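**Student:** What follows is the residue order along each chain.
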Amino acid sequence: MPPLLIIIFAVELVVQLVNTIGATTINNLIWGILLSFPSALSTEFSVQRKKQAEYLKVRNELKATSSQDEFAKWAKLRRQHDKLLEDLEKQKASLDATRAKFDRSLTTVRLICTKGLQWFLPFWYSREPMFWLPHGWFPYYVEWFVSFPRAPMGSVSIVMWQAACSNFITLVFTMLVAIYGLAVAGRQDKQAVPVAAAAGKQGSKAKNSGKEEL
Amino acid sequence: MSSAVINNDNPDAMEPTLQSILDQKSLRWIFVGGKGGVGKTTTSCSLAIQLAKVRRSVLLISTDPAHNLSDAFSQKFGKDARLVNGFDNLSAMEIDPNGSIQDLLAGQGEGEGAGGTADIGGMGGMMQDLAFAIPGIDEAMSFAEVLKQVKSLSYETIIFDTAPTGHTLRFLQFPSVLEKALSKVSQLSNQYGPLLNGFMGSNGTLPNGQNLNEMMEKLESLRETISEVNTQFKDEQLTTFVCVCIPEFLSLYETERMIQELSKYGIDTHSIVVNQLLFPKSGSDCEQCTARRRMQKKYLSQIEELYDDEFNVVKMPLLVEEVRGKEKLEEFSKMLITPFVPPSAN
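Chains X and U supply the protein sequences, listed in that same order. Just so we're aligned, residue 1 is where the first sequence starts under this note's numbering, counting upward by one. Just so we're aligned, residue 215 is where the second sequence starts under this note's numbering, counting upward by one.
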């Protein structure tokens with residue numbers, strides 16, 4: 001088992017990643033990966049998609065057929081249409097249920113792996129020192145504070161370590177996001193220059209026309 | 215008879231008559247339905263006349279609030295089965311779906327309120343409101359009533375001349391709805407009955423003198439009747455539906471819709487009567503007639519394309535006179551059995 005130090009850091013990292021990317025996106029991603037493997041579920045989905053395409057085709061055909069001039073053809077299409085629609089709805093309901101179940105279990109696992117560990121580890125290892133501070137480097141109240149709440153005096157407690165990791169990761173993430181944002185904005189600025197000029201021209205034209213109208 | 219057997223062996227060629235219905239001796243309930251004004255009553259009367267020739271006893275019931283049996287046979291019919299003049303095994307009756315629930319409730323009130331407590335809109339009023347709130351209950355109640363009567367009368371075949379399409383379908387889908395509602399009510403009463411009875415005193419009487427348990431028993435028996443009716447109507451050995459239409463778009467549309475709905479409810483249907491076909495004499499210079507004939511031909515060909523392999527499509531001509539009275543109906547009914555040959559075929 002890797003040292004507790006690393007585990008705490010990893011948990012904080014995962015939490016931060018989930019927060020940044022978004023739980024729904026992750027769920028969708030995993031769902032997509034799951035469906036890309038050949039399984040009963042993915043075949044069911046491809047069948048559903050095929051049926052949907054067929055349904056759309058029948059519907060278009062139905063719309064293109066005059067019910068008054070070609071009643072027999074229209075009625076046959078209508079029967080097909082109704083049957084397909086019923087099938088599709090039934091299937092969709094069952095697939096939706098599968099998806100909801102999947103989402104639910106995934107959410108449960110995610111919560112246990114993040115929030116659960118975040119609470120459980122500090123509770124369980126509250127007396128464990130993460131690492132020891134060099135003796136005599138820090139005044140008493142600093143030592144007391146970093147060993148809060150229950151780690152031995154002169155060591156860093158798990159809660160403090162967790163807080164430090166979390167803050168550090170947040171800082172790094174904020175920085176990365178900011179850098180990325182700046183880079184994207186810079187690229188867009190370069191591309192946007194001609195557009196902006198054109199828009200300016202149009203604007204002036206509009207102003208001119210406005211004047212003319214006045 | 216023999217030709218019918220041959221045709222049954224070869225499903226690709228459904229004969230263009232209602233002979234199969236006459237031959238299917240197990241049939242007990244026959245419904246005749248379609249859009250308003252297409253000739254349901256004429257068709258059901260004709261079918262009844264033909265059936266009377268091959269069955270021991272036939273009852274013709276009209277559930278259409280606008281009763282036409284009296285008109286068709288030129289004889290007054292009422293709520294009780296009455297022999298049709300000139301027949302000894304064909305009876306007819308007209309029931310009013312709306313009237314019968316009123317009668318039923320009124321009868322119940324009288325029967326139970328005999329103890330001296332008048333129905334002053336207490337629990338009795340509430341039950342009435344509740345009963346009326348269930349969609350289509352009036353028709354179902356009337357059907358249940360009729361079926362009770364009919365069972366005791368032991369007719370071999372019963373023909374229903376139903377009300378126009380929407381009405382019929384509402385009733386047909388409905389026994390299952392009512393069954394669900396009633397089973398919920400009985401369940402509730404089983405759970406809370408003791409509690410309510412505790413409130414209402416030792417003998418469990420409601421404010422208007424009705425007994426809760428008794429009322430629930432009544433509901434329960436109604437539910438049983440209706441579920442029995444439901445299973446009978448879904449048995450293709452016992453029940454069939456004859457669709458009547460005219461070769462026009464809306465009628466055809468309604469017929470198609472009805473056939474789909476019927477198959478959804480699991481009610482057998484394999485006959486379509488196409489009524490009011492025009493056959494103008496050759497050389498006739500009636501502009502409207504020929505134009506209409508052209509239109510009818512168009513829809514007729516569509517009907518043949520759509521239904522010919524699964525249905526007995528019977529073609530009936532539009533006559534120049536009203537089909538009323540026993541003789542004319544008999545004449546008309548022959549065309550249900552032997553296909554009509556247009557006079558100006560050459």
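Hints are supplied without guarantee of correctness; some may be wrong.
To be verified - Away from chain X, derived, C-beta distances all over 10 Å, residues of chain U:
(1) A295
(2) Y369
(3) P408
(4) L466
(5) Q474
(6) L476
(7) K512
(8) I517
(9) L520
Said to hold, decoys possible - Computed beta-carbon distance windows for the label pairs:
(10) X/K92 / U/S368: 46 to 56 Å
(11) X/L106 / U/P408: 26 to 36 Å
(12) X/W31 / U/K365: 32 to 42 Å
(13) X/L41 / U/S366: 54 to 64 Å
(14) U/R471 / X/V184: 27 to 37 Å
(15) U/S397 / X/E86: 48 to 58 Å
(16) X/L85 / U/D523: 50 to 60 Å
(17) U/L464 / X/K92: 26 to 36 Å
No lab work stands behind these hints, which were simulated from the structure alone. Model, not experiment: these values are computed from the prediction. Ideal placement from N, C-alpha and C gives every residue a C-beta, glycine not left out.
**Student:** Does 26 to 36 Å hold as the CB distance between X/L106 and U/P408, or does it fail?
**Tutor:** 47 Å, violated
**Student:** Against the range 27 to 37 Å, how does the distance between the Cβ atoms of U/R471 and X/V184 compare: consistent or not?
**Tutor:** 57 Å, violated
**Student:** Evaluate the given range 50 to 60 Å for the C-beta pair formed by X/L85 and U/D523.
**Tutor:** Violated - the Cβ-Cβ distance for X/L85 and U/D523, about 24 Å, lies outside 50 to 60 Å.
**Student:** At 10 Å, judged by beta carbons, does U/L476 keep clear of chain X as stated?
**Tutor:** 13 Å, holds
**Student:** Is it true that the C-beta distance of X/L41 to U/S366 lies inside 54 to 64 Å, as the hint says?
**Tutor:** Since the Cβ atoms of X/L41 and U/S366 sit about 58 Å apart, the hinted range of 54 to 64 Å holds.
**Student:** Given the range 48 to 58 Å, decide if the beta-carbon distance of U/S397 to X/E86 lies inside it.
**Tutor:** Hint violated: Cβ distance 26 Å, outside 48 to 58 Å.
**Student:** Can we trust that U/A295 is non-interface, i.e. its beta-carbon lies farther than 10 Å from all of chain X?
**Tutor:** Fine: 39 Å to the nearest Cβ keeps U/A295 off the interface.
**Student:** Is the Cβ of U/L520 farther than 10 Å from every Cβ of chain X?
**Tutor:** 4 Å, violated
**Student:** Is the claim that U/L466 lies outside the interface with chain X correct, judged by CB distances over 10 Å?
**Tutor:** Contrary to the label, U/L466 does not stay out of reach of chain X, its closest Cβ about 6 Å off (not over 10 Å).
**Student:** If I take the minimum Cβ distance from U/Q474 to any residue of chain X, is it greater than 10 Å?
**Tutor:** U/Q474 not clear of chain X: closest Cβ-Cβ about 7 Å, inside 10 Å.
**Student:** Between X/W31 and U/K365, does the beta-carbon spacing fit 32 to 42 Å?
**Tutor:** Distance hint for X/W31, U/K365 is violated at roughly 58 Å.
**Student:** Please test the hint of 26 to 36 Å on the beta carbon pair from U/L464 and X/K92.
**Tutor:** 33 Å, holds
Of the numbered hints listed earlier, those contradicted by the structure are 4, 5, 7, 8, 9, 11, 12, 14, 15 and 16.
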